Every structure is written in C-alpha cells, then in structure tokens.
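Peer 1: Sequence:
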Amino acid sequence: MAKNLVIVESPTKAKTIKKMLGSNYKVIASVGHVRDLPKSKLGIDIEKNFEPQYMNIYGKGPLIKEIKSEAKKADKIILATDPDREGEAISWHLSHILEMDPDDKNRVTFNEITKDTVKREIKNPRAIDMNLVDAQQARRELDRLAGYQISPLLWKKVKAGLSAGRVQSAVLKLICDREEEINNFIPEEYWTIQADLRVGRRKLLADYYGIKESGKAKKVELKSEDDANRVLKNIDEENFIVDSVKKGKRVRKAPNPFTTSTMQQDSSRRINFSTKKTMMVAQRLYEGIKLPKEGSVGLITYMRTDSTRISVEAQNACLNFIEKNYGKEYLGKKHAPSKKKNENVQDAHECIRPTDVTKTPYSIKDSLSKDEFKLYSLIWSRFVASLMSNAIYDTVSVDILSKSQLFRVAGSILSFDGFLRVYNYSNEKNAELPSLEEGQILKLKEINKEQHFTSPPPRYNEASLIKELEALGIGRPSTYSPTISTLQSRYYVVLEEKKFVPTELGQTVNEILVENFKNLVDKKFTAEMEFELDEIAAGKKQWKELVRSFYDDLKKDLDKAYENIEKVEIEDEVSDEICEKCGRNMVIKMGRYGKFLACPGFPECRNTKSLVEKIGVKCPECGKGEIVVKRSKKGRIFYGCDQYPKCEFVSWNKPINERCPKCNSILTEMESRDKKIIKCSNNTCDYRRDESE
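Once you know that position 243 of the sequence shown is 243 in full-length UniProt numbering, the rest is easy, because the numbers rise by one and skip nothing.
Keep in mind that the hints were calculated from the coordinates and are not lab data.
Treat the hints with caution; some may be incorrect.
Distance windows between CB atoms, simulated [to be verified]:
# : residue 1 : residue 2 : range
1 : P187      : S485      : 29 to 39 Å
2 : S549      : K324      : 53 to 63 Å
3 : N320      : E691      : 39 to 49 Å
4 : K595      : N183      : 16 to 26 Å
Calculated pairs, DSS-like style, for lysine-lysine (alpha carbon to alpha carbon, straight line, at most 27 Å) [as the list claims (entries may be wrong)]:
#  : residue 1 : residue 2
5  : K567      : K555
6  : K429      : K328
7  : K216      : K253
8  : K76       : K15
9  : K403      : K218
10 : K276      : K324
11 : K595      : K630
12 : K498      : K614
13 : K541      : K518
14 : K567      : K581
15 : K523      : K276
16 : K624      : K662
17 : K159      : K555
18 : K630      : K618
Small disclaimer: the values here were computed from a predicted structure and weren't measured.
Glycine included, C-beta positions come from ideal geometry on N, C-alpha and C.
Required output: the full structure, derived from the provided sequences and hints.
Peer 2: Here it is, written out as structure tokens:
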C-alpha cells in the first residue's frame with residue numbers, strides 16, 4: 001500500500017508524476033476545483049462581511065469520495081496543485097474537505113515536471129500560503145459581484161443571456177473605443193516623391209526628405225499636390241549628386257524568453273494559434289509528453305507567468321548548449337536577476353522555457369503532435385535565442401542632393417546573425433546598396449510623385465489586444481483567453497479577417513455600462529484593482545476590505561441604473577430569405593452556435609434554418625452548386641458545396657475563382673503567418689504562389 005498520497009489537478013499530470021515517484025506514492029487528480037461558489041445564487045453573504053458560501057461542485061461527489069477514501073489510507077498527504085493563486089486555492093479547498101490543518105507543511109509546487117525537480121520538491125513541503133488563497137478569493141468575489149449583480153440588469157433592460165464582468169467589460173470598452181476611433185477618423189492627405197536613379201546598371205530608389213541649407217537638413221512634409229509640384233520645380237533632373245555616405249552598425253538585441261503574454265502574442269503572429277489553443281497545447285507540454293526512452297516528462301516550465309527570470313542552472317545548461325552547437329561567438333550574456341518593469345508584473349516563477357534544452361524540437365518531433373511541435377519549437381527557439389549574442393547589421397545611409405532638395409536612401413546587410421540563427425521569424429531582408437562615393441553624379445531615370453492618405457488605427461487582433469491588456473495591466477495572462485472567448489460567445493464581438501469588431505449588441509451593452517458603471521469599464525480602475533490583488537497576495541492588504549470597497553460603489557451605481565435605464569430594443573437584421581411557411585422575410589438571429597435564420601412571426605411561425613454564407617465561387621466538382629462557408633463540430637471554418645449530400649466537395653482552404661495553370665484544378669487561398677498563399681486544391685499538384693506583397 002502506498003504510504004503517501006499526492007493530489008494534483010490534472011489526470012495527465014498525475015500519470016507523469018506517478019511514474020517519477022514510484023510505488024510508495026499514490027497520485028490522483030482533483031480535476032480542477034472541488035469547491036466553489038454556487039452557480040444558482042450569488043453565494044456571498046454580504047451582511048456577514050462578504051463571507052463566501054462554498055459548496056462541493058455538482059457532479060464531483062464520487063471523485064471527492066475517492067479522494068477521501070485514499071486520504072484515509074495514506075500516512076501523509078501532499079497537495080501538489082499548480083504553482084499559482086488558483087492552484088493554491090484548490091489545495092486550500094482540498095485541505096478543508098480532507099480536514100487537514102492548512103498550517104501543516106503539506107503543500108508542494110512544481111515549476112517543471114521533471115524527475116529531479118519532482119523528487120526535490122516532494123522532500124521540501126511548505127504550509128499553504130493563505131495570502132495567495134485570499135488573493136484568489138478576492139478575485140472570485142469581485143468577479144461574482146460584478147457578474148451576478150449587473151447581468152440581471154442587462155437581462156431586464158436589453159435581452160436574456162447577456163453578461164457583464166469586471167475584466168470582460170473593460171476589454172469590451174477597449175474594442176468599442178477603437179471602433180469609434182476608426183469611425184470618427186478623418187484621413188489627411190500627404191504626398192511622397194521618389195527618384196528612380198541609376199548607378200551603372202543598378203537601380204537606386206531615393207525618397208524625398210526635405211531641404212538642405214547652410215549644411216543643415218530640414219524635413220519637409222508634403223501635404224498637397226502643390227507642395228509636391230513646388231519641390232519638382234526646384235529639382236535639376238540632370239544634377240543628382242551624392243552629398244554624404246554614412247556607414248555604421250546596427251545591433252538587434254536578443255529577445256527575452258517568453259512570459260505567458262508574449263507567448264500568446266507570438267503564437268498568434270507566428271503559428272496562427274488562438275490564445276485558447278496556445279494555452280491548451282502549452283498545458284500538455286508542461287504536464288508531460290511520453291518520450292521513447294524516458295516515459296512521460298514535462299517539456300516546458302509552468303506556462304502561467306509574468307516573469308522573464310531564468311534559473312542559474314538553466315542558464316548554464318543553455319550557454320553550454322550554444323557553445324557546443326553554434327560556437328563561442330554566439331554566446332550571449334547571462335541574465336541578471338530580473339527587475340519588475342512595472343507594478344503589474346508578478347515575478348513568482350521563471351520564464352516559460354524548455355525543461356531540458358538538449359531536447360531540441362526535431363530530436364523529439366516523432367513524440368509530438370503537429371500543434372505540440374509548433375509551439376514547443378517556438379518556446380525552445382525563443383529561450384535559446386534569449387541567451388545568444390545580438391545580431392549585427394552593416395548599415396549605409398546616403399544623402400543625395402539636387403540643388404537644395406534632399407533625397408535619402410538607406411540599406412543594411414546582416415553581417416552576423418547571432419540569435420537569428422535559431423529565432424528568425426522576421427520578413428526583414430538584406431537591402432544592399434551599390435558602392436557610392438561623395439560627389440558622385442547619379443543618373444535620373446524618372447521621378448514620381450504619389451498621393452496618399454493617413455490610415456485610421458487598426459482594429460485589434462488577438463496579439464495586439466493581449467499586448468494592450470498587458471501594457472494597461474487589465475486582467476492577467478491566464479484570464480485573456482477566457483475573457484476573449486466570453487466576448488465572442490455572448491456575440492459582443494466577432495472576428496472579421498482576424499480582427500475584433502464589436503456587434504450592435506456589444507456596442508449597446510458597452511454604452512449602458514459606460515453611462516452607468518464608469519469604474520467597471522475604466523481601464524485605470526481595472527488595472528488598480530489588479531495591483532490591489534497583488535497587495536493581498538503579498539500580505540499587505542486584507543482581502544475583504546477590497547471586496548467591500550468595490551461593492552459599496554457598485555451598489556450605488558446599480559440602484560441608479562435600475563431607475564435610469566430604459567428598455568432597449570435591438571432590431572434583428574432582415575434578410576432576403578422568404579419564410580416558405582408564412583411568406584415573411586426571415587431575420588438573422590444569434591444562437592449558441594452562431595447566426596441562423598428565423599421567422600419573425602414567432603411564436604405563430606417557428607420556422608428556422610441555417611444561414612448560408614456564399615463566397616461567390618461555383619462548385620468545381622458538380623458545377624451546379626455554390627461554395628458556402630461551413631463550420632465543423634469544433635467550430636473550425638471549412639468550405640463545401642451547398643448541394644450536399646448530392647455533392648460532397650469540401651476544402652479547408654477558401655476556393656477562389658481561378659484554375660491551376662498546371663492541372664486545371666481550382667485554386668485555394670490560405671494564410672500562413674503574415675503571408676497569403678495561393679495553392680492548388682489538388683494534393684498531387686505542387687503549384688503555389690505568394691500574394692502577400
């Protein structure tokens with residue numbers, strides 16, 4: 001019989017750790033939380049100083065019974081849930097269920113799940129950190145109070161099924177504010193002039209900069225065509241002279257290793273993963289992957305962290321790996337102990353890094369799924385790059401004069417790749433200039449002026465939204481994925497071309513919240529709340545004080561809102577589709593699985609049908625049907641014929657109205673990182689072209 005019982009959160013983690021500890025240990029999983037606030041009511045006794053009314057989670061009775069049974073058999077119980085506030089709270093709830101003393105030393109954490117780390121930490125348990133538990137309790141009650149108090153107001157004044165949240169509503173306002181900026185943006189005209197020069201047979205494109213008088217260069221903005229024409233009149237087309245040639249070096253610094261936020265941003269940009277997918281795959285890499293000779297082992301350190309700190313052991317191992325595989329010239333500097341850049345950073349853990357740098361992505365590729373390989377490669381290369389030398393470019397900047405009109409051109413060549421040897425996701429290319437000397441006369445082939453208009457700020461995509469949230473201190477990296485998912489599931493925002501666009505419903509809810517709950521949607525207030533939670537975690541503030549302060553303000557706003565807000569009617573969008581049962585124009589509604597068509601005559605007429613989104617391409621297989629957008633059971637978009645099941649044509653990539661020049665099959669469009677690729681739908685044909693430029 002096992003003498004020690006180890007309780008973790010995940011079944012996968014349990015299997016991995018069990019194999020590392022041996023027969024004296026029984027390892028079981030709690031499968032997340034075992035106690036929580038009830039779903040059916042607020043679950044907070046406001047009159048009794050905000051005492052939480054925890055209950056065992058519905059459906060977990062058999063599991064709790066098993067945990068209690070195993071605990072009775074064990075001589076020692078070790079609580080080994082995840083190393084963060086949520087994990088600390090789960091251990092505290094487990095200690096309550098098992099009637100353990102939380103002051104006893106029965107808590108261990110694993111920043112990485114490797115044999116050495118697990119065995120070392122098991123021998124050094126500590127007491128449950130009640131400051132971390134209280135910080136989690138405070139967050140839970142704040143979110144519950146905001147959601148459970150404001151959501152019923154939205155149900156009454158707008159429509160059922162809506163929700164508000166402490167972080168969710170602040171993020172929605174960011175997206176709505178950006179949309180308003182775009183709608184109110186007034187483009188400004190500007191012009192550019194470019195000289196197409198020749199150095200022998202080589203082309204040299206120089207851009208107009210301004211004027212040079214008395215040896216000083218002054219930038220000139222061209223705001224109209226008249227401005228551009230005045231410049232052209234002052235140019236001597238026969239006399240373009242090289243005024244100066246400045247050579248130098250440009251250093252591109254090695255990046256820091258990943259935090260949760262930067263990992264989410266880079267995986268969105270580089271490998272096209274959503275935040276939700278990134279965290280799911282990272283969880284598997286942390287909890288354990290089965291390798292041929294070692295069995296299950298965690299490949300990365302804990303994936304929820306704000307820190308870029310690297311342990312001394314990990315740094316030494318990585319530097320040895322770099323010297324052995326790339327040479328001494330690629331060695332970077334050791335990382336000094338990290339200092340907090342701002343008060344929003346929590347530095348409880350290390351960065352996200354491989355647990356063993358010698359496990360290169362390709363050496364274990366056969367043990368990984370396609371998605372696991374992509375993310376592990378990104379994490380591994382980023383970590384190794386962080387300890388490599390900087391990349392160095394040779395730069396040239398050339399000033400060219402025609403009378404007093406100044407043109408400039410710059411070029412650069414990568415002279416030493418440094419960290420780019422392993423981490424190069426940039427589209428940056430060498431821009432080598434021909435050899436030039438001061439006083440050299442250049443031949444003008446043509447000179448062009450071009451009109452432009454300033455662009456509005458771009459809508460947020462996942463990467464830019466996460467970057468903004470981190471900069472503002474709104475939420476925590478672990479909350480970004482569920483927050484974004486909630487906004488989409490409530491149909492407050494939709495993704496269009498991978499950018500977030502607020503819906504009419506989202507804008508209506510945002511307007512109500514902005515007018516009536518200023519603190520809830522205020523980014524500064526939300527960031528300050530995160531700082532207060534950090535203060536609780538550090539033992540500097542009592543958690544119920546924060547909850548009371550928040551609730552007192554919320555209650556005042558709530559009472560006023562019920563009096564002031566009138567019922568809001570959101571009209572359904574009318575479609576061209578005619579209801580075959582009653583003849584009315586059907587309307588577009590939003591359901592659990594997306595948009596659908598419904599008859600506005602409900603409840604007399606209950607006709608509904610799926611909303612078909614055509615892309616304007618005839619089916620290449622049957623020639624009769626239209627290609628339409630469809631969704632798989634997991635929500636992934638694909639394309640198929642609207643004549644299904646008569647025609648079974650399907651494609652994961654979007655078909656276009658063009659045939660392959662090699663085999664005459666239909667061509668499809670796909671996005672790969674920042675590129676748009678056109679490729680043949682015929683898997684045996686290798687035709688493809690890049691249309692990203």
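Peer 1: Identify every previously stated hint that the structure contradicts and give their numbers, smallest first.
Peer 2: Numbers 7, 10, 14 - these are the hints that the structure violates, sorted from lowest upward.
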